[in-house]
Amino acid sequence: MSFKETLIRKKDAYYKSGFNYSFIKKQKAIDQKFIGNSSIHDLDMVVYGYSVGYKKLYKPFLPRIIDWISEGIDNNECFGSLAFHQNNLNSALAFATWINTGVNDVELWKKSLKWREELYGNEDYSKGMSRDDKEIFALSLLHYIQAQEYEKAIKLYQSVKGDKLLKLNKNMSGYRLAYAYCLHFYENKFTVEQLEKAAKPFLEKRLQMLYSMGRPTEMLYWLKMVCDAREKEYTPEEVIYSFYEYISEEEKPEFVKELLAGKVEKKSFFSFLKW
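Each residue of the sequence shown is one higher than the last, beginning at -3 in the working numbering.
In short, the hints are calculated from the structure, not lab data. All of these numbers come straight from a predicted model, not from anything done at the bench. All residues carry an ideal CB built from backbone N, CA and C; glycine is no exception. Treat the hints loosely; a few may be bogus.
Unchecked claim - So the derived label-pair ranges between C-beta atoms look like this: (1) Glu227 with Lys106: 21 to 29 Å; (2) Leu78 with Gly210: 22 to 30 Å; (3) Lys193 with Lys110: 32 to 40 Å; (4) Lys24 with Met125: 41 to 49 Å; (5) Thr2 with Glu114: 33 to 41 Å.
With these hints in hand, go ahead and build the complete structure from the sequences.
Dropping the structure here:
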């Protein structure tokens, strides 16, 4: 299946007559044994809904998602590893709050960092890094960026990879790219243009993979970082739409092009009449 077809199917599935909207609408607290974990998945559905132009349909679920995630945090909900699950809950709460209010709550991110540091703070990479290790390492740096703890991110990177001068190129790994943005935010190193040129090849592959594999909220770490570095102020909806900057024109369905152009569907007067 082409990525264009994936986007079209997402649009159909997340419309108000589709299965996903019906599912999230019928969710009830009494049915949830792990209420926080359930809401993490609901947040993914909200991000997908936003991505295909259904903000009005999915935004009303955010207060419930925030309440349920908060309940999971307050109750020390454990789904497998406590630190792993609480890291996920606290990160999801920070993203859900930002999507709902448009304000990045740095304190929420700092609270979530405590769990992430407990989970991954003593990793030994002396014998090299596996593919999973590299993903975790990059996400840790991205997490620090959202908490505006740039100095800690830089120290973490250098403790693992050394303080060798970083050079940008078109073959950047995720953790090197995150480190480059840390240097930009903390030391004003590299221009936005230089960073985006280096980031594009990586993000074109990474973001499409995350979207296709059911990990849309994880995309927000990358998209928000890139948008935060730009001079323009972005709404959460605009940050999510920036995903399409990394999708080729051939893979964009017509509805995506209309979303990006800011077009609103216009109905004739007669379309409102019931015959």
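Here is how each hint holds up against the structure:
1. Glu227 with Lys106: 21 to 29 Å: holds, 26 Å
2. Leu78 with Gly210: 22 to 30 Å: holds, 24 Å
3. Lys193 with Lys110: 32 to 40 Å: Given range 32 to 40 Å: holds, Cβ gap about 35 Å.
4. Lys24 with Met125: 41 to 49 Å: Because 43 Å falls inside the window, the suggested range holds.
5. Thr2 with Glu114: 33 to 41 Å: holds, 36 Å
Hint check: no violations occur; every hint is consistent with the structure.
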